[in-house]
Amino acid sequence: MQRTRKSAFLLLALVFVMSLLLAACGGKTGKDAGSSASADNGASGTPSSSASASAPASNAGNPDTSKEVKLKMILLGGKPADFDQVWSELNAKLKAKINATVDVEFLDWSDWNQKYPLKFAANENFDIIYTANWAYYNDQALKGGFLELTDDMLQKYAPQTWATMPKVSWEQAKVNGKLYMVPNNNVEVTNKIVLYREDLRKKYNLPEIDSLESYANYLKTVAKNEKGITAYGAKAADGWKWHELDQATLEQNNDFHVVDTRVPMAYKLDDATGKVFDIYETPEFKQLLGYYKDLADNGVWSKNVVSNKNDVWQDMKAGKVSSYAQNIGTTAINMEEARRDTPNQEFMIADITPNSKKISAISTQNGLAIHATSKNVERSLMLIDLLQNDKEIHDLTMYGIAGTHFNPQGDKQYTPGPSASNYTGFSNWGWNSPLNRQDAQYPQEANDMFDGWQSKVYHFPLETFVFDDTKVKTEVANVSNVMLRYAIPLEYGLVKDTDKGLADLIKQLKAAGIDKVQQEMQAQIDAFLANRK
Amino acid sequence: MYRSGFWGDLAKYRTLLLMLLPGVLFFVVFAYIPMAGVVMAFKQYTYEGGIFGSPWTGWSNFRFFFDSGSAWQVTRNTALYNVAFIVVNNLLQIVMAILLFEVAVKWFRKIFQTMLFLPYFISWVVVGAIAYNLLSYDYGTINVVLKALGIEPIDVYNTAAYWPALLVIVSAWKAVGYGSIMYLAAITGIDTEMYEAAEIDGANVFQRIVKITVPNLMPTVIILVLLAIGNIFRGDFGMFYNMVGNNGLLFASTDVIDTFVFRSLTGSNDIGMSSAAGFYQSVLGFVTILLANYAVRKYDKERALF
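Top to bottom, those sequences are chains Y and V.
For the first sequence, our numbering gives the first residue as 1, with consecutive numbering after it.
For the second sequence, our numbering gives the first residue as 1, with consecutive numbering after it.
Just so you know, the hints here were simulated from the structure itself, not pulled from any lab data.
Any given hint could be a false lead.
Calculated Cβ distances over 10 Å to all of chain Y for the following chain V residues [said to hold, decoys possible]:
1) Arg14
2) Arg63
3) Phe117
4) Leu217
5) Thr288
Now the stretches of chain V that chain Y is said to cover, found in silico as 3 or more residues with beta-carbon under 8 Å [unchecked claim]:
6) 127-136
7) 245-252
Here a beta-carbon is modelled for each residue, glycine too, at the ideal position from N, C-alpha and C.
Using the sequences plus the hints, can you model the full thing?
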């Protein structure tokens, strides 16, 4: 007995020592991987420096494409059914043009935000990745996940893009003065509008919807009279830390601008000094809570809205929900879809803050970046150049195969082909450009609204400011958590005593360290503004 | 040839040791080697540095969790829920196993066992959706029925007080089948001669259960409970996240460490801070299992794990 016990101990000790040894080996390889990664960084830095050396001498010299390469690209979304068919055609063309083929991996919408950072953390082998200001662009740029793109590289390997892209778009895409993405080349306004049921508005003889009040009137009427229809639909359960109407009712209505959606800090659009304040402590917010509470008490949205996991647009199409808030592009596509599929319901869009300043999307709304450890930087840039600016390749990758997925109408429009639905739903917006076509069925109302906005688009110095949370990560995480826990139920009118709820929220935010976030943010904004002068 | 000591034992038990090998390898590869990764909890993770080359930051990764003001609440929730799950689930499992064992009709036993086992295979995502469709205020089946009967509907998703009971029930519904089969196997292993002897001595069914089945089950119960205690500070993320989601109104009584950390850090993706939270759970779990084992040893040396 005694002896077996001793042996068992020895064995255990042996196992432990072995595992430690193995761990140490693992550690070594980890270190090696790290240093080789940085070596790669250096190596991938060379083409840029050599490019800068040779660029002044011969800008016209064609890049060397004698060796065939296989590029790997990561896009967001579900893989469309006909994707392989379309992209094998693309690969045939690419082979001829730049002697390269491309392989695409998809990160599905359901879990892309967990997988995306892991691709970098694990240093997986890929060359090009979709990125955007809402898809980790700043985060990964600061962490060193993307390759820095220099002017020389772009001039040499992406000449068409360099020529077409407005200078301001490049400027907007810079993080701490350095460029890490090829942004899309597209004018977009980010203002939120509402999509509602025009047939219901007419049925109850309600006035046009053009303000918060008329919208509330519509919602309350529907809630009161239409049993089985939820007046306003939101998907509050997916982790967004604001009421889905906030962008219209709180920001646009008051000309506020929220700096980073993870914290409730905002500045006034026309404040040249960019003074940030806690948006929850403003009288405007307090007033808005009354507006929301009134809607909630009238049964405008489900009492269980914070647990809703359904897709709001699908519920609207099914006739279960009568309105929601989104940007103009999405709602226009919704209208188009509804006119085709459910003609018995008449949908319409309305701007509930018509007099507000319109904000154009900065270029980083969509784009493509190159992985810091990519070994095919030159060919990757050439591919991006073709995707964005080669009419043939742009058409193919954006709309699929002519005659199958789309029918071209002139140079600017198209109609969906017989299997259009088999080539859609992924992030090919990364290479939006002036070559984009518009669906011939695209609702005229949306175009009219958009044209009407053009003159009201407001540019302001802090447009491209991006908050770097490195120093206050702890506080940002905790503040976000408080917003989800206290602000969301309060805004959806689920807290009985609004005043007490608001006091609670502010108290919790203080405890979570919002003051520190505010100081840090103000310091960064001041520095940003000082730099621009 | 005379051999003794370690090498002698090694040769003597080579077959048994060989059988042990896959298990040992599994734990070495998946538990011991990755353990070196705990250093991440003390580092500012960067891509260039990787796991071992990143700069050290001391305890700063732990700050987020303890400064949040929720550390105590979520730790308490996690532990209390797990205690409730362990007690309720094991009790129900044992009762079910004994009932199944006592049921004489074989086909009935088989069918019942299968039905009981079925929920175990339903994923939490689906369970969450089913629960929402049953309980939601406006269109949930239960509330529709209540309204039809003229009774005031129950607002489950806005009332934190219902949730502890609800979660315990759902957890039991899912776990009873699986556990009762383990206990049933243990009961089947009890020497039948004891039952025959008891019957001859005139013991009735209840006496047989209380005097033979239950005492003979105790070693199994203790081992299973001890193993479960090691995980007492790990919330079942799939369960809590899919049942509760991001509903802030329920957090006071439903937030566990895992959901709290997930929610706070999905925005920032800071690997160091997440590792710190995981490390905290591991340390607490380790201390608890040492204490539990110590208590069992005090009570009965033979039945302790180590």
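So, going through the hints one by one against the coordinates:
no.	hint	verdict
1	Arg14	holds (13 Å)
2	Arg63	violated (5 Å)
3	Phe117	holds (27 Å)
4	Leu217	holds (27 Å)
5	Thr288	holds (22 Å)
6	127-136	holds (count 4)
7	245-252	holds (count 6)
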